[in-house]
Each structure stands twice: as C-alpha cells, then as structure tokens.
Amino acid sequence: MYVDKLALFSDAQAVTAAAASTDYMDLGAARNIGVGQELYVAVTVDVALTDASSDSTVTVSLEGDSSTTFTPDGTQTLFIIPALAAAGQKYYARISPDFASNYRYIQLRYTPNNGNLTTGSFTAAIVTGIDKVTNFPKGYVIS
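Residue numbering for the sequence shown follows the working numbering, beginning at 1 and increasing consecutively.
Calculated from the structure, these hints are not laboratory results.
These numbers were taken from a predicted model, which means no experiment stands behind them.
Among these hints, one or two may not hold up.
[What the hints assert, rightly or not] Once the Cα atoms are required to be at most 27 Å apart in a straight line, the calculated DSSO-like pairs of lysine-lysine come out as:
1. K90 to K5
2. K5 to K132
3. K90 to K132
Build the full structure now, drawing on both the sequences and the hints.
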C-alpha cells in the first residue's frame, strides 16, 4: 500500500480526547485522486490504546464541509477501533463515492467512547489499494 504524503490526515497523531485529524484534504486542489478507483481511509495504530478500565473505544468518522471550519456539512462513520487495540493494527473503510464528490474539504474525527483514554496514536490517509493480506502458516515440513 502506497501512502501519498499529501493524502495524510494524521501522522502519529496522539488521541486521548475527541479531536479532528491534524490535516485535511482540499478536494478542489487534489488532482487525479483515485480516478475510477475505490478510495479507502486506512488507519494504523501507532501507540496502543490504553485506559484505566480497559473499555475505551475510538470512533473514526470522515467529515466533509464546504469550508475549512468543518461544522461539518456531512459525516460518514467509518469504524470503531476497539479497546486496547495494539500497535500495528490496521483498519480500513471504503469512502462512499457520493460522500467524496459532495464536499470541497474532508478530514477525520476521532471520538473516544466509554472511558478515559490515556494513550493512543494513529496514522491515517486516503489510499487506493489496501494492505489487507492474511498470511497463513504453511502446511508442509521441510526435512
């Protein structure tokens, strides 16, 4: 999976309270972003989620707006990162084609739920291909 620096929403962004991604994307200035391809938001956990009662989750949503104030005009919930998500875990969600075409600016919103999140950080970007490969153990022995 290739990640374009201009398509990054977060780069090891620490999240312990509700927050917008550190970066947003101006779709009016973007050129040839996934023309004819499905677009995904890919989020990688950089620092494991922890909290006092081990029950915090983080809802990740895509917000769209006509200005950079992000009121927002529209929201697409992407996924919920579970409590105690380990570093290195990856989460993917397909962006609705209608969503991406209706807004000039898009960003992510991280919303912790169910507790007091004490650590957690994420790297997130828009990608056209996802790295979702499952490697199974081989079923033979070399002697």
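Hint check:
no.: 1; hint: K90 to K5; verdict: 18 Å, holds
no.: 2; hint: K5 to K132; verdict: 20 Å, holds
no.: 3; hint: K90 to K132; verdict: 8 Å, holds
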